[in-house]
Structure formats: structure tokens, C-alpha cells
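Chemist: Okay, here's what each chain looks like letter by letter:
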Amino acid sequence: MRHVYRFFIYLFLTVMGLIMFLPFLWMFLSAFKTSAEVTASPPVWIPSSFSLINFQLAFEKAPFLRYFINSVVVMISSVLVTTVTSILAAFAFSRLRFPGRQTLFSMLLSMMMIPFEMLIITNYTTVIDLGIYDTIWALILPFTSSIFYTYILKNFFDTVPESLYWSARIDGASNWHYLWRVMVPMARPSLTTVILLNALASWNSFMWPMYVIIKDTNRTLPWGLQVFTTEAGSNPEQQMAASTVVVLPMIILFLFARKYIVGGVARGGLKG
Amino acid sequence: MRVRLDHVTKRFGSFTAVEDFNATLEDGELVCLLGPSGCGKSTLLNMLSGILPLTEGKIWFDKDDVTKVPPEKRGVGLVFQNYALYPHLTVQDNICFPLETQRVPKKDRIEQAQEIAKLVHVDMLMHRRPGELSGGQQQRVAIARALIKNPRLLLLDEPLSNLDARLRLEMREEIRRIQQRTKVTAVFVTHDQEEALAISDRIILMKNGITQQNDLPQALYDNPANQFVASFLGNPPINYIPGRMQDGAFLADGAAEPIRMPIFHGVPDGKKVVLAVRSEAFTTEENGPIPAEVSRVYTMGKEEMAWLQIGDIEFRAYIDNEEGLVPGKQIRLNVRRRGVFVFDPESGERLA
Ligand SMILES: Nc1ncnc2c1ncn2[C@@H]1O[C@H](COP(=O)(O)OP(=O)(O)OP(=O)(O)O)[C@@H](O)[C@H]1O
Ligand SMILES: [Mg+2]
Numbered sequence: 001m002r003h004v005y006r007f008f009i010y011l012f013l014t015v016m017g018l019i020m021f022l023p024f025l026w027m028f029l030s031a032f033k034t035s036a037e038v039t040a041s042p043p044v045w046i047p048s049s050f051s052l053i054n055f056q057l058a059f060e061k062a063p064f065l066r067y068f069i070n071s072v073v074v075m076i077s078s079v080l081v082t083t084v085t086s087i088l089a090a091f092a093f094s095r096l097r098f099p100g101r102q103t104l105f106s107m108l109l110s111m112m113m114i115p116f117e118m119l120i121i122t123n124y125t126t127v128i129d130l131g132i133y134d135t136i137w138a139l140i141l142p143f144t145s146s147i148f149y150t151y152i153l154k155n156f157f158d159t160v161p162e163s164l165y166w167s168a169r170i171d172g173a174s175n176w177h178y179l180w181r182v183m184v185p186m187a188r189p190s191l192t193t194v195i196l197l198n199a200l201a202s203w204n205s206f207m208w209p210m211y212v213i214i215k216d217t218n219r220t221l222p223w224g225l226q227v228f229t230t231e232a233g234s235n236p237e238q239q240m241a242a243s244t245v246v247v248l249p250m251i252i253l254f255l256f257a258r259k260y261i262v263g264g265v266a267r268g269g270l271k272g
Numbered sequence: 273m274r275v276r277l278d279h280v281t282k283r284f285g286s287f288t289a290v291e292d293f294n295a296t297l298e299d300g301e302l303v304c305l306l307g308p309s310g311c312g313k314s315t316l317l318n319m320l321s322g323i324l325p326l327t328e329g330k331i332w333f334d335k336d337d338v339t340k341v342p343p344e345k346r347g348v349g350l351v352f353q354n355y356a357l358y359p360h361l362t363v364q365d366n367i368c369f370p371l372e373t374q375r376v377p378k379k380d381r382i383e384q385a386q387e388i389a390k391l392v393h394v395d396m397l398m399h400r401r402p403g404e405l406s407g408g409q410q411q412r413v414a415i416a417r418a419l420i421k422n423p424r425l426l427l428l429d430e431p432l433s434n435l436d437a438r439l440r441l442e443m444r445e446e447i448r449r450i451q452q453r454t455k456v457t458a459v460f461v462t463h464d465q466e467e468a469l470a471i472s473d474r475i476i477l478m479k480n481g482i483t484q485q486n487d488l489p490q491a492l493y494d495n496p497a498n499q500f501v502a503s504f505l506g507n508p509p510i511n512y513i514p515g516r517m518q519d520g521a522f523l524a525d526g527a528a529e530p531i532r533m534p535i536f537h538g539v540p541d542g543k544k545v546v547l548a549v550r551s552e553a554f555t556t557e558e559n560g561p562i563p564a565e566v567s568r569v570y571t572m573g574k575e576e577m578a579w580l581q582i583g584d585i586e587f588r589a590y591i592d593n594e595e596g597l598v599p600g601k602q603i604r605l606n607v608r609r610r611g612v613f614v615f616d617p618e619s620g621e622r623l624a
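Note that the protein sequences, when read in sequence, are chains A and B. Per the numbering used here, residue 1 is the first one in the first sequence, and the count goes up by one each step. Per the numbering used here, residue 273 is the first one in the second sequence, and the count goes up by one each step.
For the record, the hints were derived by calculation from the structure and aren't laboratory data. Incorrect hints may have been included.
Unchecked claim - Computed beta-carbon distance windows for the label pairs:
no., chain 1, residue 1, chain 2, residue 2, range
1, A, M107, B, R400, 39 to 47 angstroms
2, A, S145, B, I482, 33 to 41 angstroms
3, A, F24, B, R401, 54 to 62 angstroms
4, A, T85, B, R400, 33 to 41 angstroms
5, A, S145, B, V341, 30 to 38 angstroms
6, B, R400, A, D158, 50 to 58 angstroms
7, A, P185, B, S406, 22 to 30 angstroms
8, B, R276, A, R101, 43 to 51 angstroms
9, B, N294, A, D158, 19 to 27 angstroms
10, B, V341, A, I252, 48 to 56 angstroms
11, A, T144, B, S406, 52 to 60 angstroms
Said to hold, decoys possible - A short, non-exhaustive set of chain B residues, derived as facing chain A with CB atoms under 8 angstroms:
no., residue
12, S321
13, I323
14, T327
15, P343
16, E344
17, V348
18, L350
19, F352
20, N354
21, A356
22, H360
23, T373
24, P402
Every residue gets a Cβ at the ideal spot worked out from N, C-alpha and C, and that includes glycine.
Whenever a hint applies, use it, and build me the whole structure from the sequences.
Modeler: Here you go:
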């Protein structure tokens, strides 16, 4: 009985896995097809040759390299700054004692309920007021702190025994030294999670760049891809090649780091 | 370094954890803070290390008032009950940590760590992490880390409580040895009376945040200030015989013969008292004043430990007995002078 039950569970998971996976496979294979193959009916799965011509053509039609660099720059800066600000905030909320600490943290948490879409208009006017509209700064500055990542890190910091902190203080460490020498290295799994989630979110971010970026050379990959797809509507094989370039780095990153992502979110959610 | 605690009081809200604590720790002394769980030992230690602020009173390190000095400036070493080693650092980095914050050059740090590690016998484990050490090894690393900065005061909060019985015995000798070698003034917290008696120069016994007695270990045992002190020390625990004073002698409830001892002078006649007798203070005597019945006997080498019945109270006594005791036998007991005390049954105050 148990075996039959297990069999169906695995069958179900396999089928669902395939359903999730097939579109990616289709995209990847189509990137190598000729335009006849990609529109053939009944559909052809395996391309006749794995030539890179579609990639070359796509890269000629739109500055994908530029998009790629923009995406990388935005991702790295926002991940770097967000991680640092989240670490500092999490440490303050977890370890330092100041009046209003609990209230302030609850307020921040309740703000997580507000969807980003609601903030777009205010953020938009702020960006215009700052004079950074249609620059790469508009993509970085609004993403330099995060309540959610602060929350994950705080939950981890809360599990570090207080005696470690006092031990370090007695041994002459300042809060700053303790944070970077003890807390942060110990939080490596949670930090990895935060960095990966953040990188993923930044890489895939689409709506915000669409609002604040006009100039072609300031676009990031998802927004550039969107424009390219509308322009290259008649060449699905080139669209697929461009999409592959956008998605592949994140898939590779995810494959290497998925155990951190799942583990860290589970851990961060345990307490509080 | 000489440490003086002057009217130290700690309150948490309306709850008083430590009340009007006064003591002086002489240079190079190892003092035990002894007392049941919750009596304020850790609270006191945390005030000495600067983790907790005092509600009232002052703490002096030699001539300096350190009451308001933060922990990092006090120059104390603290070994936590759970050791508080940094799990991500190697033994060597753990031991070096206090020097690292003082910006001692790396080469010197490692040299000193090596030296101190030898002293506590962990020099072979320098590149392991705390998770790869046994409890006893972790404890020694914690002690090494506390010692490396040459603390003026070494504080140990129940450092042996996580260890098994054999390791505890070994470790307490080791702590004593290290303390005597380094001549550091030390405070050792424990709730184990045997541990305290074995290693300390002096014991401060506490109850509910109040000092009961501050004395030499032997004096605490031989000359308890009150009934709580008498009860807390000694294994098997001290025996109590309720009764009252009559004509300058003690008459146990239900007994015919009074016990006469010179120490009873000055205890008012007719007063209800409790006679406290250490297990080893009983003697058998043909016409002794205490009639008792033997209920169980354990042989322990040359002595016998007997469970005796006086009236309906059961108690334990070490009895040096040639005839051999058997259960059911009626015997007569007397008491020696040493190990006999008289307490007020209500207040626990020592009367004689
Ligand atoms: N932060 C605090 N807030 C309120 N009460 C506290 C606090 N810290 C300690 N106490 C109380 O103070 C008393 C003394 O605590 P302390 O930790 O000093 O006991 P202890 O003698 O070290 O006991 P143990 O042997 O169990 O470690 C206890 O009753 C405890 O509940
Ligand atoms: Mg304690």
C-alpha cells in the first residue's frame, strides 16, 4: 500500500517537473533551429544543427551585450548595498537595545504587505525629483535596502546565543568587530540565501526598468528582451536565442546554489 | 588583583536577585560562589564582568571603581557555562580572539596562543573547530581564551556542569592547577558543594540573593552560620533531631534521657530547638542518651553507614562498630562535640 502511494507521489512529481521544464527545453532547443524548423507543424523538437547563428543575429539586431553589462552592474551594486544595509539593520534589531525597537520592527514588517506595484508611482516621482530618470542609478538606488532580507538575517542573528556576544565584548570586541568577525561569518548560509534571492530578483526585474528607462543603451536584459521580441516578432528562433541568454545565467546560479536558497528560507522562517 | 564588592544589589523590576552583597577577594585567591539554582550566582558574576549594570553598590578592582566600566575595559576573563566558543573559528583563532581585538601582531598572537594552549593541554588541537572537540576539550579552550589576555580576574560560571562525573573531577583539579600556576584571582561559580569544598580557598554561600556565610571551606562545614549552611554542606546531609532545652541539656522529642554538652550553655531553657548532628558525629555508647533502632546498614570499608530510627525520624550515621550492626538491633547513641549544632527551628539561626 505504502509503495503504491509512493509510486503515485513520484509519478505526480515527475509529471509536474516535466511540465515545468518543457518550456525551458523548448526555448533552449529552438534557439538553434532554423526559422522553418521553429514554425514547422507538427513541431520539430531537435534542431538539425547546433549553430550559434541565431545568437549572432540577435546580438546584431539589439545591443544585448550592453543589456547584459547593465544587468550585471545593477545586480552587483544592488546586491552589495542591500546585503550590507540588511546586515546592519538586522544586527541592530537583533542585538542592540534602543527605545522603540520592537515597534519599529513591527512597523517595517507590516510594510512588507504593501506590494511593490503600489509604490511605483511614488518611487517614480522620487526618481524624477532626484534627476536620475533614465539613468542606471534609477535602477540601483530604490533597491538598496530590503525589509524581507533584514527579516531573514535578523531571525538568524536571534539564534546566536547571547553568551557569544558577551564573550566577545569581554574579550575587547566592539559591536562592529563582533558583527563582522563573529555574526556575519556564522550567518554564511543565511547570507548566501539572501544574496541569491536578491540577485535573482534584480536580474529578473522587469516592470520597474520599463517605467524609468527609455534609452536603449540603459536597458537591462529583461526590458531589452521585451523590446527586441516585439521588434523581432517575425523571428521566433532569434527571440528564443535572446531569451536563453537572459535566463541561462540564473538557471546555472540556481542549480549550484539551490540548497542554500531552500535551506535559508526555511531556517529564516522558523522563529518569530 | 584585589576585588571588593561594596553593598552590591541587583534588582530585576521588583525582584531582588542579589541583595547587599559585600565581599573582598584577595589577590590570587580562588573563591567559590556556592548556592542553589537561582540564588544569584550568575547575576553576581555578570556584574563583576560588566555584562549587567548594578542597581546599587560599587565594585572595586584594587584602587579603581569599575562599577560603570564596560566589559571590554575591565580586563576580566570569563568562562561561560556553555563555553561560548566561536563555532566558525579554529581553536587557535578562538584563543587568539582577545589578542586580535587588542591588535597584537599575528605572529605574537600565535606564539602566545601556543604557549597557553600547552598549559591547558590543547596544543594538539589548534586547527580543529569547537564542534570537533569533546566537552572537556572545549572547556579547556574556553579557559585558554580567558587566560590569554592575562586577565586581572578570572570568572568561571559553572564550567563543569556539562561534563560527566569523571571528567568533572579531572577538570576541577586542572582548573585549580592552572589558577595556582597563573596566580590569577578567580571566582568559581557552582552549585555543587563537593566541587566547592575541593578547589576553593574560600567559599561564599548564597541563598535567594543573600550571603549566608563567607568563610574557609572547612569552617563552613565545621562551623555553619545557620541551618541552611549546615544543610547545604555535607554528604550524607546533616541529621536533625527536634526537641527542646531542659535544665541546660537537650531533650529529644520522645526520648527519656537528655543530652548534656558544654556547648549548650547559653541556650535558654524550655526553648524548642533542633539539634543538628553530622553523620560522623554519632558514637555508640552503652548508656548513651539517644535510643535508636538500626534499620539498614551499608558497609563502607572500616566504617558502617547505618540508617537509624529515632522515634519516627530516620537518619544516617557513620558508625565505627566492632560488634557489627544488624537491622532491628536496639542501640544507644551519644554525640561527639565536633559536628553538633543547635538551631532555632523557626528562623534557622544558630544557637550553639
Ligand atoms: N534578566 C532577568 N530578569 C528577571 N529576573 C532575572 C533575570 N536574570 C536573572 N533573574 C532572576 O534572578 C535570580 C538569580 O538568577 P541567576 O541566574 O543569578 O541564578 P544562579 O544562581 O546563577 O542560578 P543557576 O545555578 O541556575 O545558574 C533568578 O531567580 C532569576 O530568575
Ligand atoms: Mg547561573
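Chemist: Now look at each hint and say whether the structure bears it out.
Modeler: Verification of the hints:
1. M107(A) to R400(B): 39 to 47 angstroms: Taking Cβ atoms as reference, M107(A) and R400(B) lie about 45 angstroms apart, which means the hint holds.
2. S145(A) to I482(B): 33 to 41 angstroms: For I482(B) against S145(A), whose Cβ atoms are near 51 angstroms apart, the range 33 to 41 angstroms is violated.
3. F24(A) to R401(B): 54 to 62 angstroms: Distance hint for F24(A), R401(B) is violated at roughly 41 angstroms.
4. T85(A) to R400(B): 33 to 41 angstroms: holds, 35 angstroms
5. S145(A) to V341(B): 30 to 38 angstroms: holds, 36 angstroms
6. R400(B) to D158(A): 50 to 58 angstroms: Violated: the Cβ-Cβ distance is about 28 angstroms, outside 50 to 58 angstroms.
7. P185(A) to S406(B): 22 to 30 angstroms: holds, 24 angstroms
8. R276(B) to R101(A): 43 to 51 angstroms: Violated - the Cβ-Cβ distance for R276(B) and R101(A), about 36 angstroms, lies outside 43 to 51 angstroms.
9. N294(B) to D158(A): 19 to 27 angstroms: Roughly 38 angstroms apart at Cβ, these two residues miss the hinted range, so it is violated.
10. V341(B) to I252(A): 48 to 56 angstroms: holds, 54 angstroms
11. T144(A) to S406(B): 52 to 60 angstroms: Violated, at about 46 angstroms.
12. S321: holds, 6 angstroms
13. I323: The hint holds - I323(B) has a Cβ within 8 angstroms of chain A, the shortest such distance being about 5 angstroms.
14. T327: violated, 17 angstroms
15. P343: Constraint on P343(B) satisfied, holds at 5 angstroms.
16. E344: holds, 5 angstroms
17. V348: Cβ of V348(B) sits 6 angstroms from chain A, so the hint holds.
18. L350: holds, 5 angstroms
19. F352: holds, 5 angstroms
20. N354: holds, 6 angstroms
21. A356: Interface hint status for A356(B): holds (4 angstroms vs cutoff 8 angstroms).
22. H360: With a closest approach of 5 angstroms, the H360(B) hint holds.
23. T373: holds, 4 angstroms
24. P402: P402(B) check fails; min Cβ-Cβ to chain A is 11 angstroms, beyond 8 angstroms.
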